[in-house]
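Peer 1: Each chain is listed here by its residues.
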Amino acid sequence: MDVFRHLRVKRQPDKIVPDSRGLSAEQLAQDSSWPITLRQVNSLPENAGKRIYRALIPPDLLARFGIDPVTWKGPNGDQPVRLRMDPQVGAVYLLVRQAASSSDNFLRLELADNVFNGIDLHLLVIHNPNGPRFDTDYDETGRPTLFGTARRNLAEEERAMQAGLAPAQVRVGLRASELVLRHLEAFLATLGHRAYFLEPLTYASAWVFERRGFAYVRGHKLMGDIHTEFQPGGRLYQALDGSTPFRQREQWRTVRGRAWAIHDGILSVLGQMWNGLRMVKQVGRHAGVETFPDAEY
Amino acid sequence: MMEITAKLLGQTTVVSIAGSVDALTAGQVTRFLSSRVGEGQTHIVADLSQVDFISSAGLRAILIALKESRQQGGDLRLAAAQPRVENILKMAGVTSILQVYLTQDEAVASFGS
Amino acid sequence: MSIRRQTTRAAELESLPRFRETIDAACQLQPGIDEQTRYDLKLAVDEACTNIITHGYAGMNPGSIILALDVDALRVVMTITDFGHAFEPAEAPMPDVQAALDDRPMGGFGLFFIYQTMDEARYETTEDGNCLTLVRRLHPAKEE
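If you read the sequences in order, they're chains A, B and C.
Numbers given in our numbering equal positions in the first sequence, counted from 1, plus 732.
Numbers given in our numbering equal positions in the second sequence, counted from 1, plus 30.
Numbers given in our numbering equal positions in the third sequence, counted from 1, plus 1489.
Derived from the structure by calculation, the hints contain no laboratory data.
Accuracy of the hints is not assured; some may be wrong.
Cβ pair distances, simulated, as ranges [what the hints assert, rightly or not]:
(1) C/Thr1543 to A/Thr922: 35 to 41 angstroms
(2) C/Arg1494 to B/Thr125: 32 to 38 angstroms
(3) C/Met1490 to B/Gly142: 55 to 61 angstroms
(4) A/Thr803 to C/Ile1492: 47 to 53 angstroms
(5) B/Gln58 to C/Asp1561: 54 to 60 angstroms
(6) A/Met1005 to B/Gln102: 46 to 52 angstroms
(7) B/Gln101 to C/Arg1494: 44 to 50 angstroms
(8) C/Arg1494 to B/Leu38: 44 to 50 angstroms
(9) A/Ala831 to C/Met1490: 38 to 44 angstroms
(10) B/Leu132 to A/Met1005: 44 to 50 angstroms
(11) B/Leu38 to C/Arg1626: 34 to 40 angstroms
(12) B/Ala139 to A/Pro1025: 49 to 55 angstroms
(13) C/Ile1492 to A/Asn860: 42 to 48 angstroms
With the C-beta cut set under 8 angstroms, the calculated list includes, among others, these residues of chain C facing chain A [claimed, not checked]:
(14) Glu1501
(15) Asp1523
(16) Thr1526
(17) Glu1616
Even glycine gets a Cβ: it sits at the ideal position worked out from N, Cα and C.
With the hints as extra help, turn the sequences into a complete structure.
Peer 2: Laid out in structure tokens, this is it:
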């Protein structure tokens, strides 16, 4: 009986890109659809790497702050863009501030090779450098809170929440995530990658990434359960009992409201924590995930 | 999306299933049928006229109940399967090991009085 | 005219009816698909998704399943993508459809039904995820 009419199977997840120390011009000249790792890019001469990484930042965004998209020079002739690419390390760090003298970076982007030699977006922070600052990143004694995961500055968090920020933000956003992610995707396609991954820092970031077309490697069911339990009568809804400033009843209605409650630990009523979620974006494709339909941010 | 009910007709239990029997709902079917067999109701007619979809999970539920009822000296017979559902049974080759009838009446009658 | 539909859901059993609805919706718009074919499409997808839900995300908080459908007059192409453990069909034995009741294991029909209803089945694990591509030709004679 002919049951297997046509079946092909690829075995265990091979590394997307074979491990290799460096990258030569000859290799770059080979099959242009073969993916390369960040580590391989970093092994190129620094200026060659710079050219490649320049594609990561949207020129429009730089222009908004008077930064030259080719030379990366600021309007005062300074260098508000910092790029770090270590030859031995499969990671790249891009930090952009309004002026070299500014205290904060309004754009922070970190990419890293993952264990399969795919690429993870480790960090993406974009905020308006001219907005008021909420010092949620340091506690009262000046220790870093690590986005409120290691410690919390409750007073600043409360101020931030009242001002309409989401957890882990120190200034209001720039509404530039779509632009930045589009450029990131084009950049990854240049490197030959068909997908990239990230772990969403907060419920609000997960919601943003859903809208940008990400699906879930882990955590889709959790996001669905969160939505269900925040509905009136659900366990999370009931836990919005006003016991802390971050658990007010009306927070069930909005993405930010829910995000603050989750940041405050409300998932413990479900025996869960906000961790372990992992999202994936297939380059050029939108997964259409909406775990919180018709959400109000 | 799946409802299961039973009625007793003499010595025969007619179990009516409505909706889809897939991996989500098959467990409920198994529990329902097993508990009937456990109570000594071993002559079972499963009326599938309202089943619009069945997958391998549903098939498995039927086979489990079939085995259990026969182990208790009884039987499970099917009635009124829609053409697509009947096709599943044929594909899996189970029409040779279990009795399938066009109507509930015929299936009930097959158990004798 | 080609119809494309896509649905992305959590890999949990509750999503199975949603995937069947996606197929029903696409089939409504394509006159060349008869009842049996429509059922076969739903069955193949149901079996594939059940495998992913049961085994693919075992041990993790389940991620997504993406069902994409491409329907035209000649064929239906369905792709089912997930991001969990890669499937090893060699580990799944085919059922013996001729065996007597006592000799049969109770399960094992899932893959079998997929192969019985689809003309092609291709499975690939890549950086994009695991992708099962199923093809059902609608009017085999017309393709010549």
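Peer 1: Now tell me, hint by hint, if it's right for this structure.
Peer 2: Hint-by-hint comparison with the structure:
Between C/Thr1543 and A/Thr922 the CB atoms are about 39 angstroms apart, so this pair conforms to the stated range of 35 to 41 angstroms. Range check, C/Arg1494 to B/Thr125: Cβ separation about 34 angstroms, and the 32 to 38 angstroms hint holds. A hinted range of 55 to 61 angstroms holds for the C-beta pair C/Met1490 and B/Gly142, which are about 57 angstroms apart. For the pair A/Thr803 and C/Ile1492, the supplied restraint of 47 to 53 angstroms holds, since their beta-carbon distance comes to about 49 angstroms.
Roughly 38 angstroms separates the CB atoms of B/Gln58 and C/Asp1561, a value that falls outside the hinted 54 to 60 angstroms. A hinted range of 46 to 52 angstroms holds for the C-beta pair A/Met1005 and B/Gln102, which are about 48 angstroms apart. The hinted window of 44 to 50 angstroms between B/Gln101 and C/Arg1494 holds, with their beta carbons roughly 45 angstroms apart. The supplied range of 44 to 50 angstroms is met by C/Arg1494 and B/Leu38, whose beta-carbon atoms lie about 45 angstroms from each other.
The beta-carbon spacing between A/Ala831 and C/Met1490, approximately 56 angstroms, falls outside the hinted interval of 38 to 44 angstroms. At about 56 angstroms, the CB distance of B/Leu132 to A/Met1005 disagrees with the hint of 44 to 50 angstroms. Hint check: B/Leu38 to C/Arg1626, Cβ distance near 48 angstroms, so the stated range 34 to 40 angstroms is violated. Range check, B/Ala139 to A/Pro1025: about 51 angstroms between beta-carbon atoms, so the 49 to 55 angstroms window is met.
Checking the proposed 42 to 48 angstroms range against C/Ile1492 and A/Asn860 shows it holds: the Cβ atoms sit about 43 angstroms from each other. For C/Glu1501, the shortest C-beta to C-beta distance to chain A is roughly 5 angstroms, which falls under 8 angstroms, so the interface hint holds. Contact between C/Asp1523 and chain A, as hinted, is not supported at the beta carbon level, the nearest pair being about 21 angstroms apart and thus beyond 8 angstroms. With a least beta-carbon distance of about 16 angstroms to chain A, the hint placing C/Thr1526 at the interface is violated under the 8 angstroms criterion.
Because the smallest distance between the Cβ of C/Glu1616 and any Cβ of chain A comes to about 4 angstroms, under 8 angstroms, the interface hint for this residue holds.
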